[in-house]
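Visitor: Here is how the chains run, residue by residue.
Protein chains: 2
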Amino acid sequence: MNVRMIYKSNEDFSTAGKLIYTDLKKSGKSDFDFDLRRKDNTPFKAHVIITSPHQENPLESTIVTIVDISQREEAQKEKMKREKLQGVLEMAGAICHEINQPLQTILGYSTLLEDNEAISPEDLQKIKKQAIRIGDITRRLSNITRYKTLEYPGDTRIIDIWGSGAD
Amino acid sequence: MNVRMIYKSNEDFSTAGKLIYTDLKKSGKSDFDFDLRRKDNTPFKAHVIITSPHQENPLESTIVTIVDISQREEAQKEKMKREKLQGVLEMAGAICHEINQPLQTILGYSTLLEDNEAISPEDLQKIKKQAIRIGDITRRLSNITRYKTLEYPGDTRIIDIWGSGAD
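Protein chains in written order, with the numbering used here: chain C, 1 to 167; chain V, 1 to 167.
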């Protein structure tokens, strides 16, 4: 295989060559990640390590080791996903913990006030209805095991609580 | 350097030797992560790649490449931290979005009811106080930029909302 084949252009080949040569002169080693293709033309992420026993004149001979790191990359992606889910769940847990007690108090006192005939039941119902809604949200939170996100103003994203699921 | 020096015991040396030999016979390559030490005795995480041009009899000669991956591991850890923070923030954003409106309704109607002299102001204050507390929580959430966690019953952790900070 002509080594130029793995570069997209002669410029890339020349730039990479210079960087590798400089590394080899300096430390006897050059390594980097690179997108390569298998014989069946499927792409894979490779970690390429070039060493030379001739540090003074590395062009004399080099040993090139190519490690297929696509599985490692996949594993990393999975790990990142789990890590983010962990953040989502820990925050959901915190909210349930913080909000449930004040919410119970609101619900309790608004139920208590229902006995008072001087109060319009509609006004009280509006309070209760919203407190129940907040309760629905926290219940939903405590059942999330996987999540979806939504775009949100300010170039950010938030968890889609109603679209996220439970197992 | 005697190759046994990098193993903790003769058993480790023998087990590793068998695994590497099997890999080399099978694919001409064996690679794994390993805790090594630099000359100055500081530990580092290494990716070790062993290849042999003699697949039939790998013991004839092997090429061992050792890559210091401690920087890569550090970068991965940082990335994981950012990913988890992202999950925390996206959940915090969702909560603020979901809860603020019902909360405003509760606060609005409980303020309205204050004009009704038939209601004990204490009961109403209890509702308002808790609604304000929930409001404090959501305000706190919207300012979080870094977080701490707390142990929580059920062998889990939750975000420490009051201990987490803003920049």
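Please note that the accuracy of each hint is not assured.
In this list, chains with the same sequence are indistinguishable; a pair is considered to hold if it fits within one copy or across any two.
When the alpha-carbon atoms are kept at most 35 Å apart in a straight line, the in silico DSBU-like pairs for lysine-lysine are as follows [what the hints assert, rightly or not]: (1) Lys128 - Lys26; (2) Lys29 - Lys8; (3) Lys129 - Lys79; (4) Lys8 - Lys39; (5) Lys128 - Lys18; (6) Lys8 - Lys126.
Hints listed in this document are in silico derivations from the structure and should not be mistaken for laboratory results.
Visitor: Indicate, hint by hint, whether the structure satisfies it.
Guide: Status of each hint after checking the structure:
no. : hint           : result
1   : Lys128 - Lys26 : neither (72 Å within a copy, 69 Å between copies)
2   : Lys29 - Lys8   : both (23 Å within a copy, 27 Å between copies)
3   : Lys129 - Lys79 : neither (40 Å within a copy, 42 Å between copies)
4   : Lys8 - Lys39   : within (17 Å within a copy, 39 Å between copies)
5   : Lys128 - Lys18 : neither (71 Å within a copy, 69 Å between copies)
6   : Lys8 - Lys126  : neither (65 Å within a copy, 70 Å between copies)
The structure is inconsistent with the numbered hints 1, 3, 5, 6, although it conforms to all the rest.
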